[in-house]
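**Q** Sequential numbering of the sequence shown, starting at 13, is according to the numbering used here.
To be clear, the hints were calculated from the coordinates, so they are not data collected in a lab.
All values derive from a computational prediction rather than experimental measurement.
Treat the hints with care, since some could be wrong.
[Claimed, not checked] Taking lysine-lysine pairs in the DSSO-like style, the calculated list, with each CA pair at most 30 Å apart, reads: (1) K60 with K48; (2) K103 with K60; (3) K103 with K48.
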Amino acid sequence: MNMELGLLILRLVVGLSFAAHGAQKLFGWFGGYGPKGTGGWMESIGIKPGVTMAVLAGLMEFVGGLLFAAGFLTILGAALIILAMLGAIVKVHGQNGYWATANGYELNLLIIAVALAVALMGAGAYSLDAVIFN
Numbered sequence: 013m014n015m016e017l018g019l020l021i022l023r024l025v026v027g028l029s030f031a032a033h034g035a036q037k038l039f040g041w042f043g044g045y046g047p048k049g050t051g052g053w054m055e056s057i058g059i060k061p062g063v064t065m066a067v068l069a070g071l072m073e074f075v076g077g078l079l080f081a082a083g084f085l086t087i088l089g090a091a092l093i094i095l096a097m098l099g100a101i102v103k104v105h106g107q108n109g110y111w112a113t114a115n116g117y118e119l120n121l122l123i124i125a126v127a128l129a130v131a132l133m134g135a136g137a138y139s140l141d142a143v144i145f146n
């Protein structure tokens, strides 16, 4: 029971936070800049075409986060989160070293570890995967 509740809390916090980051890129919600603003920033750091890449990153975060939070197709949700974070490490944070205080990849790696761990353990009893596939 405690592990199942722990997995639910972990999935909800990480998944909904990730979905919100995607909504920033896709819709400009929660203080985000939407596809054009995010795309302009992406182009400024060499990620082209910026708007297309902003939409793709936003979709990975939004869809991946919602799947992860719901515990539905959790492996796919985790994979989308991991891919988004690997892209962030390669294109933005990796060159700055490990620590987040220096804009490094510390938090990206933490998110990858959480997503991978949940994918390997399973989403738990309080998930759509458990209801549908068990």
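**Q** Hints first: check each against the structure and report whether it holds.
**A** Results for each hint:
no.: 1; hint: K60 with K48; result: 12 Å, holds
no.: 2; hint: K103 with K60; result: 12 Å, holds
no.: 3; hint: K103 with K48; result: 19 Å, holds
When held up to the earlier numbered hints, the structure conflicts with none and fits them all.
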